[in-house]
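Student: Now for the letters of each chain:
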Amino acid sequence: MAAAAKRVPLPAILLANDLLDGDVVFAFIDGAGPLAWTRDPALALVAADDTAAEKLEAFAAAELRDNKVVDAYLVDVAIESGSPVPRHFRERFKTLGPSNRPDLGKQAGEGIASAPKG
Amino acid sequence: MPLLDRNGSAEERWTRSEGAAIGNIPAALVPWEVLVEALDTQEPAQVIGVLIPNNIAFAALAPFLPRLALVAIAFPAYSDGRGFSLARQIRRAGFAGEIRASGPLIADQFAYALSCGFDTIELPEANAARQPVPQWLHARDSFSATYQRGYGESSRNVLDQRRAARAAALIAAE
Amino acid sequence: MYRYDEFDERFVRERVAQFTDQVARRLDGSLTEDEFKPLRLKNGVYLQLHAYMLRIAVPYGTLNSRQLRQLALIGERYDRGYGHFTTRQNLQFNWPKLRDVPAILGLLADVEMHCIQTSGNCIRNVTADHFAGVAQDEIEDPRPTAELIRQWSSAHPEFSYLPRKFKIAVTGAEADRAVIKAHDIGLRLRRHPDTHETCYEISVGGGLGRTPMIGKVVRDYLPKKDLLAYLEAIMRVYNLEGRRDNKYKARVKILVHEIGAEEFTRRVEAEFALLDGPSINADPEEVARIAAYFAPPRYETLPAVSNTLEAAKAANPAFARWVEVNTIPHKAPGYTALTISLKPTGQAPGDATSEQMRRVADLAERYSFDELRVTHAQNLVLPHVRLRDLFAIWKELGEAGLATANVGLVTDIISCPGLDYCALATARSIPIAQAIQSRFADEARQREIGPLGIKISGCINACGHHHVGHIGILGLEKRGIESYQITLGGDATENAAIGEILGPGLAAEEVPDAIERIVGVYLAARSEGESFIDNVRRIGLAPFKAAFQETARAAA
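Taken in sequence, the protein lines are chains L, P and H. Per our numbering, the very first residue in the first sequence carries number 1; after that it's consecutive. Per our numbering, the very first residue in the second sequence carries number 1001; after that it's consecutive. Per our numbering, the very first residue in the third sequence carries number 2001; after that it's consecutive.
It should be emphasised that the hints constitute simulated quantities derived from the structure, not laboratory data. Glycine residues also receive a C-beta, built at the ideal position from the N, C-alpha and C atoms. Mixed in with the good hints, there may be bad ones.
Stretch-level coverage of chain H by chain P, calculated; a stretch enters the list once three of its residues show a Cβ under 8 Å from a Cβ in chain P [unchecked claim]:
#1 2015-2022
#2 2230-2240
In the DSSO-like style, the derived pairs of lysine-lysine whose C-alpha atoms are separated by at most 30 Å in a straight line are [claimed, not checked]:
#3 H/K2216 with L/K68
#4 H/K2037 with L/K55
#5 H/K2165 with H/K2037
Some chain L residues well away from chain H (every beta-carbon gap over 12 Å; in silico) [what the hints assert, rightly or not]:
#6 R7
#7 L10
#8 F28
#9 G33
#10 P34
#11 L43
#12 L45
#13 A48
#14 A52
#15 A53
#16 A58
#17 D71
#18 S81
#19 G82
#20 V85
#21 G105
Required output: the full structure, derived from the provided sequences and hints.
Tutor: As C-alpha cells, this is what we get:
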C-alpha cells in the first residue's frame, strides 16, 4: 500500500481485485458492519478526510495480507449524482467494463445485485 | 540461515568469516572482495569457500577454483537468474566442490538449481518459514523429465529417453 | 502437425499439477503475491483491469479442429463466449477466474495445448510464418525448427529467470511474414550458396517496445544441427550480461546496442566454441522425428485452374473480390491458403466468438486437412483449401460473419486490447481501430487504396506492433486524456523498418481524419501500381508531415 505521503487527492475510494475471482471490488460498509468488499462501485465508501483514508489503507493492508484481494489502491473520485466516479479514465473503466462491449462488465450489471442483468 | 540440499534440510558446516580474518575456522566462507587475502592466510587443514555476487565474470573466478571447496552465489532476488548460468560455467570448468545458491529462492526453482549444478540452497529465515522443506521436495519432483540435454541426469531428459526408446525398438525389431 | 508423444503428454500434465499446486500455495500464504506473480505469468495468467486474463499458447500458430473446438468450449464454460487472437499467434481469454484456471489447463492438456511461457521473463511461445509449409516462396518449412525450440525452451533450468521476456520467430521463406527482425532472435532458413544445405541466418536484438530496434545478423549460415547449442550460447550471454537495473533496458536489444553487434557476436561465438555440441543438440533422428509430423498432407492431383471456381467468380463479383483479397498461391496446384479475416468493421480486431471458432473448426476439418493457423495479424488461415471448394466455404463463412474481404487492406488493423482490458495500457486501442474501420468501410475504396497496414498499440510496450505499421498508432496519456501518436513508414517484412513520428499527439476523434489525410497524400502522389509503403519510401515523409500538420491545426 502506498505511504500516506503518496496518497491520491481526496475524496477517494478503495478498489482491488478479488484474489480468487479477479473481479474488481470496492471497500464499503454494509449498514453498521465493518469494512467489507462489494462488486458495486456505487456502494463504495468515500473517504473524504485523512482519518477515513487511513482506515481504508489499513483495511487494504489487512486484506492483502490475508490473501483476500490483490492490487488494492485508493482512487480519487468526484461525486456525480450521489455516486463516486473516478477522476482518471483508467479507473473509470474499472468501474464500468470494456468500452467496446457495453454488454459486459459492471456497466451491464455484472456482480451488481440491484442492477438488471445486461 | 536454513540450508537445503537435494534431500532436504542440511547441516551447515561452513562459518562466515568477518572480512578476511579466517583465524582457525575449519571451513571458512569468505566474501569475494577479500578472497585473495584469506587464501594468503589459509592453513593446511583449513578449507575455504567464497561468496560471490552474481555479476562477476566467470573468468575472474576461474583462477581461484582449484583452491576453493565451496562457491556460494548470491541471489539478490529469486527473479535474478544470473546465478544459474554462473553455476553452469563453474561446473563446466570441472569444479567438483559445493556450489550454493544464497538468497530468497523459491521452492519452484529447486529443480532448476539442482540441474544447473547447485548442491545447496541457503535461505533467509522468513522465506524458509513460509516455504517449509516438504514444499521444496515436492517441487523438486514436479517434472519426471525435462527437455534440455546436458542438465542434470540424462535419464531424466526427454531427448535421451526418446533416443533410448528408439534404440530399444530397433533391438526389438531385430 | 506435431502430436504429443508420451513424454510431451506427461510434461504438460505435470505442468498442470505444478500450477495447481502453485495456486494452492498462493492461497495458503506460502507464496507472496510478489513471488506468485512471475509464476502465474509464466503460465499465461495476468491480472488485467476487470479480471484475470489467460493467454493460451498456439505454438507457431498451428491448430487443429479439435483444439479450436476445445477453445470454443472453454470460452463458453469459463469465459464470456469469445476469445482474442494475439499478435503472437496466441489466444487469450479476458474473464477467467483464478480458481478455474487449473480446470482450464486440464481441458487444454486434453487436446495437447498449454499456457506455458506465454508471459514472464522467459523464452516465450515461438512464432512462425503462418503460411509455413504452403507458401510458394518457401525454402524449408519453419515449423519443425519452431517445435524443436518450443520443446527446448519449455521449463529451461537455466533460462527461466531472464532479465526480461525473450521472443523467437522463425521463417523459411523469402518474404518475411513472421516479423523476425522485430524479435529477440529471428531465424531464417536459407540455402548456403556453396553447399546448398539449408542453414539458419540468425538475427539478434530486434524488438519493439520503448526502444524499437531491428535485429542484427550475428550468423549468416549456422548449420542446422548446431541450433540448440548456438541458442544456448546466445541465451547464456544474455542471461549473464543483460541489464537488470531497469526493465526498459533489460531486453537483449539493449545489450546488443550498448556493446555493439560485433562484440555481442564475438561473445556468443566464444561461448559457442566452449560448448560440446553433440551433448546439447537434438540428434538427427530426433530432428527427423519432429519434421515427419509436418510432412505435406495428401494433396489430390488437381489442375492449377479450377473451372468451378472461375464460374463462381464470374457469377458472383463479391465472391470474386473476396478470393482476390483473401487467398494466396499455394505450393500444390489446385489449392490455396485462405485467410479468414477477424476484422469485420466494428468488431474488436482478433476477437472471435465460440460459435465462430466452431464454424471455422468445422471448415478446417472438412476442407483443410483438419488444419488451421493463427496469423500475427490476428486472422485465421485455412492452409490447404481446394480452389473448387472456395465458394462453399465463402457462403458458410458469410453466415458466421467471417467473410470480410480485407486481408492486408486498410481495415485489416492489428490492435492490442488496449485500455478496454489491459492493466498496462495508457489508452484505448479497439475504439480507434473501429473508428478507422468505419471511416474506410467502403470495400471498393479499400481495394483502391491497396495494401496498407495500420497497427495500433495502447501503450509503449507495442503489443500492437505500431512501430512496424505502415501507419502506426500509439495510445498515450497526455494531461489526463487519451492521446494518439502517429508514425509513418514502418515495415514488418524483410524490409523491416521503424516508423517515424509525424507530429504531435491527436485526440481520439481526430485520428480517422489524420489517416484520411495521409491516405489522401498517397493517392494523389502515387504512380501506377505503387503501394502505400513504396510511395512513402519514394516521396519521403515531408508531404505526409505537412498534411498531418493540417489535421493538428484543424483540430486546435
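Student: Indicate, hint by hint, whether the structure satisfies it.
Tutor: We went through each hint and held it up to the structure:
| no. | hint | verdict |
| --- | --- | --- |
| 1 | 2015-2022 | holds (count 5) |
| 2 | 2230-2240 | holds (count 3) |
| 3 | H/K2216 with L/K68 | violated, 47 Å |
| 4 | H/K2037 with L/K55 | holds, 27 Å |
| 5 | H/K2165 with H/K2037 | holds, 14 Å |
| 6 | R7 | holds, 18 Å |
| 7 | L10 | holds, 18 Å |
| 8 | F28 | holds, 19 Å |
| 9 | G33 | holds, 25 Å |
| 10 | P34 | holds, 22 Å |
| 11 | L43 | holds, 18 Å |
| 12 | L45 | holds, 21 Å |
| 13 | A48 | holds, 22 Å |
| 14 | A52 | holds, 25 Å |
| 15 | A53 | holds, 22 Å |
| 16 | A58 | holds, 18 Å |
| 17 | D71 | violated, 6 Å |
| 18 | S81 | holds, 21 Å |
| 19 | G82 | holds, 24 Å |
| 20 | V85 | holds, 14 Å |
| 21 | G105 | violated, 6 Å |
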